[in-house]
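Chain by chain, the residues:
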Amino acid sequence: MVSSLSLSGCALQRELIGATATDINGKFYQGVLGSNRVSKQFLVSRSICSFSDGAQTRFFSNGKSLRWDCGGNRLLRNGVHCSVLSTENHHSSFAIGQKFQLDDVIEAQQFDRDILSAIFQVAREMEEIEKNSPGSQVLKGYLMATLFYEPSTRTRLSFESAMKRLGGEVLTTENAREFSSAAKGETLEDTIRTVEGYSDIIVMRHFEGGAAKRAAATAGIPVINAGDGPGQHPTQALLDVYTIEREIGRLDGIRVGLVGDLANGRTVRSLAYLLSKYQDVKIYFVSPEVVKMKDDIKDYLKSKGVKWEESVDLMEVASKCDVVYQTRIQKERFGERIDLYEEARGKYIVDRNVLGAMQKHAVVMHPLPRLDEITVEVDGDPRAAYFRQAKNGLYIRMALLKLLLVGW
Amino acid sequence: MVSSLSLSGCALQRELIGATATDINGKFYQGVLGSNRVSKQFLVSRSICSFSDGAQTRFFSNGKSLRWDCGGNRLLRNGVHCSVLSTENHHSSFAIGQKFQLDDVIEAQQFDRDILSAIFQVAREMEEIEKNSPGSQVLKGYLMATLFYEPSTRTRLSFESAMKRLGGEVLTTENAREFSSAAKGETLEDTIRTVEGYSDIIVMRHFEGGAAKRAAATAGIPVINAGDGPGQHPTQALLDVYTIEREIGRLDGIRVGLVGDLANGRTVRSLAYLLSKYQDVKIYFVSPEVVKMKDDIKDYLKSKGVKWEESVDLMEVASKCDVVYQTRIQKERFGERIDLYEEARGKYIVDRNVLGAMQKHAVVMHPLPRLDEITVEVDGDPRAAYFRQAKNGLYIRMALLKLLLVGW
Amino acid sequence: MVSSLSLSGCALQRELIGATATDINGKFYQGVLGSNRVSKQFLVSRSICSFSDGAQTRFFSNGKSLRWDCGGNRLLRNGVHCSVLSTENHHSSFAIGQKFQLDDVIEAQQFDRDILSAIFQVAREMEEIEKNSPGSQVLKGYLMATLFYEPSTRTRLSFESAMKRLGGEVLTTENAREFSSAAKGETLEDTIRTVEGYSDIIVMRHFEGGAAKRAAATAGIPVINAGDGPGQHPTQALLDVYTIEREIGRLDGIRVGLVGDLANGRTVRSLAYLLSKYQDVKIYFVSPEVVKMKDDIKDYLKSKGVKWEESVDLMEVASKCDVVYQTRIQKERFGERIDLYEEARGKYIVDRNVLGAMQKHAVVMHPLPRLDEITVEVDGDPRAAYFRQAKNGLYIRMALLKLLLVGW
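Residue numbers (our numbering), protein chains in the order written: chain C, 1 to 408; chain P, 1 to 408; chain E, 1 to 408.
To be clear, the hints were calculated from the coordinates, so they are not data collected in a lab.
Among the hints, erroneous ones may be present.
For chains that are exact copies, the list does not tell them apart, and a pair is met inside one copy or across any two.
Unchecked claim - Restricting the straight-line Cα-Cα distance to at most 25 Å, the calculated cross-link-like pairs of lysine-lysine (BS3-like) are:
id : residue 1 : residue 2
1  : K184      : K302
2  : K277      : K347
3  : K292      : K184
4  : K347      : K320
5  : K184      : K347
Please work from the sequences and hints to get the whole structure.
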């Protein structure tokens, strides 16, 4: 473990005696690092080890030390220097070589305005890498496991593309629910403990809310939630906000119309949540009666001073907004009431007329897949931003993978 | 987009004002390249942009410019020089560094004799690379998405091996039909627009005829048809012709016996079609009555001056031919008439006796999988070419991937 | 084929006339190497070709020569020097650059004590590579096909991680049983002959005992058995023995308690078999009556002088053993007798009490997945070795891939 580090400039012995470590729960460990016996003591959870000269290593349960911050701004992986991008961050804690503030990406609530802004800057750099540096080696030697308990090819391909665009490698399981071990009754925790031994980061999609949090609590390597049931899908929330900033140029003072299935869509709920971090935002809710935005989000926005109103007039909302965010009415939520579904579905369509009402600088967004809630005639208009939005998912995921694995 | 290019020797500004572009349908675009707004105008379809000094860039809808031909014979990908193989082509339009004539590979009809010959030369070079350059970097930094709407592991592995043998990377979806978005009703076009954002080339297998053409019309990146329903499977057709040339040494003047299921087999139909491009070819059809070659192909061959005859005597045909191309009787086409299937199936078997009748230089081919229409005793004979034929699929696919991504 | 070799120091012509070769069955070939016609003669099986100066090439049926040992200690792949690790082996036939003694890994019986010891030394080096050399290139340019006829994500990811940790690439098929060709009636042999054309090594999981042996007999490239039905799973057997040596420090003189389903578990059977190669070993069998160890293994151990006894007292056995090897009672073997299953299942649980009886240096092992036959309270104890055991599977598989592809 530690014996693998050899860092000139740091007074670090290859065999450390009496080093101490504190785990994420604040538990304190003491032992002879570098021996087999100590690595066992670190098995249960990830640990940060601090040395007298201020250097820090994050030890992982699989016996690895994925990064080494000596003096706070050098990044090494097991003694090997990690090349990082040259960035200029205003915020010193986001300076090059600093450790990323998050150990895992589990829910939208983890992100504040400052860190969102810093992540978006990295995402912009990722756009440059994707277009100009096809042989990027930023994550060379790193292995991502995509552990998908329900199929979601779009999200999976997006993460895998992100990893490979940065020179990393991928282990894939398209349908982990048939993971023979899960089928035999193995717990998620045991599966995670096995998979973390084979990879450096886990991207997990699960059918149960809270599964990502459980995985992260177990894993000694970073976990990214790629959607857990009715729960969170934080990378979608981030790419939505990133797309608004990219397309409109700012997040403060924007007018956003959320249209369609506001009751069931986790994307619009997360988006409303994240928009509340910005100033002078106004949100319009436009939805069929049966799928109206729920009170918890309305109350939350009110508590944060975000103005909102409900409207039944899509044309009028479209004329006022910077962003018309359309969503699919989710048939699967209507059960046998196909009549209600059909009624809700046809109510608010973004078509050429709606486009006509929109301002020149405004854009149409959609989390995809879409059925006919945006007509195909809209696709050719420069303001149709939904495929660019999908592409932004790539940049956001590249940024998060880079940040979690090698830091700022 | 354009701002990523920096090419000495070409009078090209990083921010171009007033550049013009023509898309594949001849539509004309004018705009300020390099700005976000213009990239939107290019969203709908791929475009070739010509500049006053004769240089050309192919812009892709995902904001990339995959190649840059300056003076017609330099290849750059987003400003990075692409290493290409040294080849000697007689035909100047197939010279090193030239753009490949095809944007996509959709059907056998796209290939004429000259381009087949040039592709086969590249395939020969691919054999050398596969055997002698295990760490080839020809396609390093390129990402292929295999979008298979029906499973075909043989074809999928062949394409993925081809990409990886050239140093490229792969995103895989073994069963895109369960692609959650397709299941939710997303159109093929929308799926393609998402996937093209994550990759540089799409290899698609689909259960519907014409699907590949639709995908290519949508995609801003090259699409290769890996079989679309009862329609086309052009890489199989190419590898068949390549195998004949490799094994027999020529294509003009050959005698080919097509045996087995000639009514349903798309491979024999495509092969007959491609052979009509060569001189003094003679084709023998040997098939059970219920699965005879259809009139459209017979008429086509007649119109091209290709001699053909039908025969019920496999031994006699075998003794005359350079190639005995056996095929599987496709049980799935007989429905409940198992009796007809069983009768057809046992009728023409290539066994030791047929081998005995064949000439020393002749070969047995088969598109695989085979059941018992070629007995296993034939496998050990040097004239059993079917596994070499399968291997040639690798070289043909390596060649096409290379040509579509970095040109001649 | 041979024409690709250019080896200074070896009097080797690029076109050899009259070279001779002997295949694995001792059959003798003579021909003009380097011509297309000879490569056909080598089609059926792998061959070792000896030249007058003592150099050897192993020719593969796909036209490749994966290694070249000139003077017995140089390793080339098709003329390209393979970088190998620096190792110090006592046994001269395990010296760096020597060919690995096995062509395939099919069953535990292939391994004797000396080769196990040498493999374990390579596995230790693999631990170092995995931790300290994230960009290892030991297997750069090599392609592994994982041909899984039944899903086993744990084993598959372990092999794929092993390959990628060494810089190799992977072609995956998660469910080859739906391999359209297998579904259409293609034989395993034909599938192998196709897949060997696309890859350098095949890792196969199959639902039928003996399938791996059949694949190896057909393939011209190495095959690793990743489990074939009720038959063998040799890499699991190796990682179990490796784990005991890693955890306890020795294999001679150890005391091992095998607990749980001893009748159906192939892992405990293989482990008992391999332990018989070491001296002064004692094995305790602790199992419910319905799943007792079968007589064939008991008789085998007796014939090898290995002491064993059966016990019903897990606490007493735990107190005496170096290793408590727990296994899952396999519900699927009980059919409708759920009552018998439930009775067997609850009988021997490793919990805090059993831990309390165990010695300080002893460890608990388990092949995973586990249900509740080890309680989760045990996980935090340093003596819980089962997740380290799973991780050791990675190192063993890295070692075997390296040895089969580039030798010692």
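We went through each hint and held it up to the structure:
1. K184 <-> K302: Neither: 47 Å inside a copy, 34 Å across copies.
2. K277 <-> K347: neither (31 Å within a copy, 56 Å between copies)
3. K292 <-> K184: Close across copies (22 Å), not inside one copy (41 Å); limit 25 Å.
4. K347 <-> K320: within (20 Å within a copy, 70 Å between copies)
5. K184 <-> K347: between (46 Å within a copy, 19 Å between copies)
The structure is inconsistent with the numbered hints 1, 2, although it conforms to all the rest.
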